[in-house]
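Produce the complete structure using the sequences and hints provided.
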Amino acid sequence: MITRLFFIFFLPACLIGAAVIHTPQAPKPSQYHLSKVTAKGEVIHAWGGPWSCVCDSRSGLLWEVKSDSEDIHDGRWTYSRLLQNQGVANNGDCYFEAERCDTEDLIRHTNQEQLCGSKHWRLPTASELHTLVTTEVKPGSPSIETGYFPKTQRGDYWTSDGNLPLKGVYSYLKFGGAAVNFINGQTITIPYRNAAFTRLVTNRSSTCHIAPQ
Amino acid sequence: MSDRSKSPVWILLHAALVIAVTCSLFSGLRIATLSKPAIASIEELLPQGEVHSVHFLSAILLSLVALAYLCSRVLRRFRARQQYGHKPLNYHRVVTWGGISLLAISLASGWLLFAGISKLPLTRTLHFCAALGLTAYIFLHAGVYLVQFGQNALRYILKPATTRRAQLILSCSFLIIFLLGGWLLLSRFTYYQLPVSTIPADAIIDIDGHANEPQWADAEVLQISTDGGANFYQGRTDIRLKALQNGEEIYFHISWQDPTESLAHLPLIKTDQGWEIQQQGFEKFDESRYYEDKFALLLSSHCDFAGAGTAHLGRSPLPDKPANWHGKGYHYSQSGQLHDLWHWKAVRTNKMYLADDNFIGAPDIVRAGIRRYTAGYQQDGKESGAYVMNWKWYSPNNITPKRLPSDTKVLAPFQNLDQKGKLDWTISWFDYQPYSAESDQVAPGTLMPSVLYTSNRFEGDRADVRAKGVWRDGYWTLELVRKLNTASPLDIPIEDGTCLWVSAFDHAQVAHTRHTRAIQLNLSNAL
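In order, the protein sequences belong to chains A and B.
Everything in the first sequence is counted per my numbering, starting at 29 for the first residue and increasing by one.
Everything in the second sequence is counted per my numbering, starting at -12 for the first residue and increasing by one.
Calculated directly from the structure, the hints in this document are not laboratory data.
Using N, Cα and C, we set each Cβ at its ideal position, and we do this for glycine too.
Take these hints with a grain of salt, some might be off.
Residues of chain B clear of chain A, computed beta-carbon distances all greater than 10 angstroms [stated by the list, open to error]: (1) P182; (2) E236; (3) Y360; (4) V375; (5) K389.
27 angstroms max Cα-Cα, derived BS3-like pairs, lysine-lysine [said to hold, decoys possible]: (6) K56/A <-> K470/B; (7) K271/B <-> K179/A; (8) K369/B <-> K166/A; (9) K(-7)/B <-> K146/B; (10) K94/A <-> K379/B; (11) K23/B <-> K179/A.
Right under this line is the structure:
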């Protein structure tokens, strides 16, 4: 009789009591190859913020993250491509320069402020930038992980690959630079004078890469 | 325990009753977690997923058993009078009669709720209380029998004294046929019908929230009761719908009761420690106080229960995907079929003269770095245009605004959340300047709107539904228009037989009202 009482009344009561007492666990992020880094160079929680850089543990690269703060990292600014005197100066649009903007302006300012603890920011190569391209995106979103790289535009992003022959209507300009298109992830060659978006990278940072500073 | 043997039919019906009551109770308690947080405290004991269909199927089975019992009771009573006279009362007879009464209340209130023709809050309370009573009944009836007689009790209800195989097979077949027939009847022929009036192609319907055009006066009205939402009086509101079409576009005029016009959408408040978001549940994506009013229409070429089968209740209805924060569930499509979702928002989209054109599809992949997983609920793509929230990063504590007004006097009208009257709770990106701690001269205690318009409106696929809502005298009226066929892969074409569900939100993020039966659009007289 006692055993029956236990199984029929006491056990269900215990189950209900346990369910009431137990608090469901809040969702937690799983391990991922990208991690968020603050402007001061500190790695933060995957769902934390704000952050200024993203470290990719697969490539060892630290990437600039764009914002909408109207500072030098605003994702809407465009730049003409100028690198080591190759290209066109001041043909993009930004608010932080008295003149218009080119890629060297962004590199100079970013290194001056030592974003995320690094002063070795540069343009990525096309193959480096291509490591950020992803195809499984939400409708209308750029082909990148927007959870880590917000304010990315569906457009062309400059790379350091230059001195490439231009074709078609631009062939009279002879040479241009490679850009990765974040609509479909393709790499294309566009004239240096084009106003395209820019995301900087460094492979020399204390938070993401073991190479000496 | 009586030593009278039980017939195979009795055993069949009793087993069916046990199954039906168990399924009804567990699925019903899961449904109750949406509006009764106390029940959510035992959520781990309750089933997850698309439980509405289980609930309705078990209701049919329960009704069939009840009907069979009623018939047998009448027959037996007739015989008993002839042979035995009245039976004496004892504990089990009293408990059984109690159980029968609770089942009767449960079935009657359940079908009234399904039909949507009663005073919903009272009927729902009755239905819920009957369910709790049935839980007690199970212990008082089955529990006491098992304590008294142990395994003999099980033998008594499972092993027929006589083996009348033919009778058992016949009864079983009847039960299955009636069950399937009932399900077919319930799931295919119980829709509300919304006739869509045809108007000439050159008739102009102004999307302004007012049904001033004469065509609206001629359109038929469908009124449905919805309940289970947060903040509405007793959680319910009646929704009136009218629809017009001109062969190219479909227009809806919708009105619903909402005692308050809620526009203060997650306002920011300056404190001595900095800026904070006014919130009560937003951290778990279930804000139910500082939120705008909203309205949603779900359109589908399927008319299954639970919003075309998209409502999957529970904290983790998808075992291989993240749990949801509020424990209520996810919307997603299991069939791969896409369902359209138009989401009008009183602050974020109303000024754009748009409803947010969204969809419910297959569960999305898990996106690292994003705290809220929304399963199948996603937005159509847009080319440009947006609203953004005026904080750099969400925090339940202190936040940093993105932008501040250059002159703090513009915040004066927003300082009283209870004030009546028209106030635009959106702020223009370009009228404000980037935040800096140095330039922040706003006094502690000051409220500031948080919805920043970066442009006038969405452009692209997400802007397919034009809409405008107006609140007056305790009612919202909303006009919407969309092409019958947008040719977008993220929209469904609207045609005769398309089904529709509507939900109103009273300053709540996710706690919306709902109705059981689908609304079927009748375009049979269309051009």
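Inset, instruction - Compare the structure with the hints numbered earlier in the document and write down the numbers of the violated ones, lowest to highest. - result: Hint check: 3, 4, 5, 6, 11 fail, others pass.
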